[in-house]
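S.K.: Each chain, letter by letter, is given below.
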Amino acid sequence: MNEGATNNPAEIELVEVSKRFGAASEPAVDRLSLSVGAGEFLVLLGESGCGKTTTLKMINRLLEPSSGEIRISGADILQEDPVLLRRRIGYVVQGIGLFPHLTVGENVGIVPTLMGWEQNKIRRRVDELLELMGLTPAEFIDRDTAELSGGQQQRVGVARALAGRPRIMLMDEPFGALDPLTRDKLQFEFKQLQRQLKLTVVMVTHDMMEAVLLADRIAVMRDGRLVEVGEPAALMRAAQEDYTDALLSAPKEQAEQLSRLMHGGGSDE
Amino acid sequence: MNDSMLMEQLHRLPDYLSAHLLLTIVALAVGVVVCIPLGFLVTRVKALQWPTLSVVGVLQTIPGIALLALMVPLLGMIGFVPALIALSIYSFLPILRNTVTGVLGVDGSIVEAARGIGMTDRQLLFRVELPLALPVIVAGVRTATVWIVGTATLATPVGATSLGNYIFGGLQTQNITAVLVGCISAALLAIILDQIVRLVEVAATRRNFRLGALATLLLLLLFALGIGPSLAERLADNNRKVIIGAKTFTEQYILANLITKLLDEEGIAAESRAGMGSIILFDALASGGVDCYVDYSGTVWANAMKREVVPSRDTLLAEMTDWLRDVKGIRNLGALGFENTYALAVTRETAKKYGLRSISDLSAVAPQLSIGSDYEFFSRPEWSAFKATYRFDFNDHLSIDPALMYSAVSEGETDVITAFSTDGRIIDYDLVLLTDDRQVFPPYDAVLLVSETAADNEPLLSALQSLVNGISDQQMQVANKIVDVDGFSVDSAATYLLHQLEGD
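Chains as they are written, first to last, in our numbering: chain A, 1 to 269; chain B, 1 to 504.
Hint data in this document are derived by calculation from the structure and do not stem from the laboratory. C-beta: ideal position from N, C-alpha, C; glycine also. Treat the hints with care, as some may be off.
Claimed, not checked - Derived DEER-like restraints, expressed as beta-carbon distance ranges:
#1 B/Asn208 x A/Asp179: 29 to 39 Å
#2 B/Arg122 x A/Arg167: 18 to 28 Å
#3 B/Ala47 x A/Ala238: 48 to 58 Å
#4 A/His206 x B/Asn208: 40 to 50 Å
#5 B/Leu48 x A/Ala75: 30 to 40 Å
Could you put together the complete structure from these sequences and hints?
M.R.: Now the structure itself:
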């Protein structure tokens, strides 16, 4: 499955990983093998219930695989303390999950706090991250998270995930709940950030457009299985599987419609 | 109601209020310490959730007074501890239920994010779940607070002092002032405590630490007020006070007050625990929780000794005295000189009209007369024995409230009643008691009982000695009348008896 991967060494490797919930007859994830290179942006794409979120959560051990092996930097994660593992992996979810009883600054600084950094160091790191996310520290650091807009909240969510200087970020539909303008802006900024920090990112989405725009490679999933992995352009041009074709036809058609509209000089869509 | 009656009640307020406060705050603290961790546990171990909430829910449905009374035989003691445990159990449901609701109400994505960024279970609990659930948990504590303040007034019958002493005593002795003082103080206390816990709630919701500290300070202050007097008392005299018990009717309140006065004159510190359940009081005397009280020979014979055949008065007294000493370690100091038994009573006109002096005189006219009695008499063994021995019955049987039957007979609504022989209303309505010439009713001689430890206390025994054969039927009737009919306080009735004793 490693053909078409980046030249970098594998940062995350999933080998024949399966996950069954209780006595369910169908596995949620079925013998999935995949590797993600260091600094690579991989998108897990598929419809609801295809097992993409389950796959993501096994990488930071929020879920344990029923069988198979997951390695990070070559080491089996089941041999590691799950809490310490999670602290060196950034995690961003659609619900954002900011702590409503903590200020913006306390939210961003929570992982360094848990890791026992000293106060000054935490404060500097928080300032730095807010700055990085385009939030003026003086203005935002003591605010309640409830006062922020959706976009600002997700910026805080990303800043929180970055606080412990992780090399890996796991993201579950991080931009799903945002309005289109904010979403586009944040997607673009995050892509920049990912390149700048050389983050290895695994992002789950069902939004084909998002997948095509952000991913270095897209892994298409269906019914717990990996259908196809490839670079967005290659998949758009010539998918090996019909399912991939069907899935990616939507953004393709949208793009074509858009270009017709623009060349026809019609509406302001 | 006048000022002096109010003052007489208010001077007991510090004692009753501090005892009530202590009981309430400690019970609440136990509820919090038990139920918040338990609540978190059952959100973690889902299998425990339903059984735990069910058990606590069922405990809650036990009426407060029953739960309190149940603790006495279960623990084999009276007073603060059984009351505290019952009240704590009463606080469980609201605190537990709100803890579970609060924890389960924390947004799932927040919990997932907390785990996802690498919080340990402990950190998740203390940094996320507890602070987020706190407002809901404190709301449960608030509900529990109001419940406990109210239910603590029911602690009086198990021998724990509380504001309920006002209410129980006041209701029995028809002292409205006492009842009102008790109810109003309990209501005020509930409002004040509720507002303080509300402060905690607001502090928790707004995450205002200063407000939380203020509320905690206020609670500690109240706790100090509660514990202060009893602590001061304990420091003041190392000797334990003599505890005088009393059941739940006027005569008992008067006698307990009288005994306290007598001991006070001899310089023996005593306090009365009035308004206790009959069986609870007997057991407390046997176990030494109460040192002294007045019981009635027929009651001990039937209830404690479980004997049915009634011998002559002297035999019964002698056998009872032996049994109390040998089986229960209780000392009978002797009869007080009066008896409080069932007695048939008629108006003076009825007595004249039919020439009635004894119960046997009724046999010819009974089929034309009606009899009124309390709710239980017609199902008691005394009534079967009555019919079997005297061989007549009345035309009509009327069950009425004991407090109303005296006026019912005087107004002609019924012809004969089963009066309690020392009731003050017998004098007030000028009723005639008919002699029990065939001795159907067991003797109910008032007897002065003391606990095993008190029996070794020579000064106590000699102080109590003047009571033996010191009070006649008529004197006790007058004393009861002072309270029940004339509306004076228990204290004044006891003072009357004290003068009678010392006048002899």
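S.K.: Look at each hint and say if it fits the structure.
M.R.: To see whether the hints hold, each was checked on the structure:
1. B/Asn208 x A/Asp179: 29 to 39 Å: This hint holds: roughly 34 Å between Cβ atoms.
2. B/Arg122 x A/Arg167: 18 to 28 Å: Because 27 Å falls inside the window, the suggested range holds.
3. B/Ala47 x A/Ala238: 48 to 58 Å: holds, 54 Å
4. A/His206 x B/Asn208: 40 to 50 Å: holds, 42 Å
5. B/Leu48 x A/Ala75: 30 to 40 Å: The hint (30 to 40 Å, Cβ to Cβ) holds, given that leucine 48 of chain B and alanine 75 of chain A are roughly 37 Å apart.
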